[in-house]
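Protein sequences, first through last, are from chains A and B.
FYI, the working numbering numbers position 42 of the first sequence as 43, with every residue one higher than the one before it.
FYI, the working numbering numbers position 73 of the second sequence as 93, with every residue one higher than the one before it.
Treat the hints with caution; some may be incorrect.
[Claimed, not checked] List of simulated lysine-lysine pairs, BS3-like, C-alpha gap at most 30 Å:
no.: 1; chain 1: A; residue 1: K55; chain 2: B; residue 2: K31
no.: 2; chain 1: A; residue 1: K72; chain 2: B; residue 2: K31
no.: 3; chain 1: B; residue 1: K77; chain 2: A; residue 2: K57
no.: 4; chain 1: B; residue 1: K91; chain 2: A; residue 2: K106
no.: 5; chain 1: A; residue 1: K101; chain 2: A; residue 2: K6
no.: 6; chain 1: B; residue 1: K77; chain 2: A; residue 2: K6
no.: 7; chain 1: A; residue 1: K6; chain 2: B; residue 2: K91
Simulated from the structure, these hints should not be mistaken for lab results.
The model shown is predicted, which means the values in this text are computed figures rather than measured ones.
Spelled out from the first residue to the last, the chains are:
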Amino acid sequence: DQQVKQNSPSLSVQEGRISILNCDYTNSMFDYFLWYKKYPAEGPTFLISISSIKDKNEDGRFTVFLNKSAKHLSLHIVPSQPGDSAVYFCAASDGSSNYKLTFGKGTLLTVNP
Amino acid sequence: DTGVSQDPRHKITKRGQNVTFRCDPISEHNRLYWYRQTLGQGPEFLTYFQNEAQLEKSRLLSDRFSAERPKGSFSTLEIQRTEQGDSAMYLCASSSGQGFEKLFFGSGTQLSVL
């Protein structure tokens, strides 16, 4: 029973263009959503988060959008850079479960020069 | 802030051996989590500590696995009688315990059971 789903295993984008990574969730108790970036042989590093009381959060080139009614969130990267190439994980949390994160399977983003 | 530190980075062991991993969280972080990640999957929750108390364990954590966090500082994860299915990246994460917040992850311990 996967509560957080990232249905695109991979995405390839040209440098300078927009990257859009998608995530769906099924647990309506989730209140907080995060995106992590992971390079091979390293731990995930935090990228950006959004609370369920908001529908958009922006941090530099990264914007996360949340559509609660659709149980869907997306990460936009503009402009994409080759250094953004990594696996991106969507994660969700709810306060009633010790704030632990439930992760999706990840999307491998490749930004081509 | 020196980050979350995990040791060792890599561990190769033979089936049936016991292994122990260590995690040093960011100082003063009172929440500590262990996750496991296998190829093609996202990190999966194993267990959670609030200070020295182990408050939650996943059903993924069989009785061969035990975790401790003495004095609420560093934590150890021990796997007894390792099996090939235990091969994975074991990740430790910590947070300061201020409600919803991001978890800071270590670089992980890559376990290979031969």
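Structure-based check of each hint:
1. A:K55 - B:K31: violated, 43 Å
2. A:K72 - B:K31: violated, 39 Å
3. B:K77 - A:K57: With a Cα-Cα distance of about 33 Å, the restraint between K77 (chain B) and K57 (chain A) is violated, given a limit of 30 Å.
4. B:K91 - A:K106: Violated. K91 (chain B) to K106 (chain A) sits at ~34 Å, over the 30 Å cutoff.
5. A:K101 - A:K6: Given pair K101 (chain A), K6 (chain A) holds - Cα atoms ~17 Å apart, limit 30 Å.
6. B:K77 - A:K6: holds, 23 Å
7. A:K6 - B:K91: violated, 37 Å
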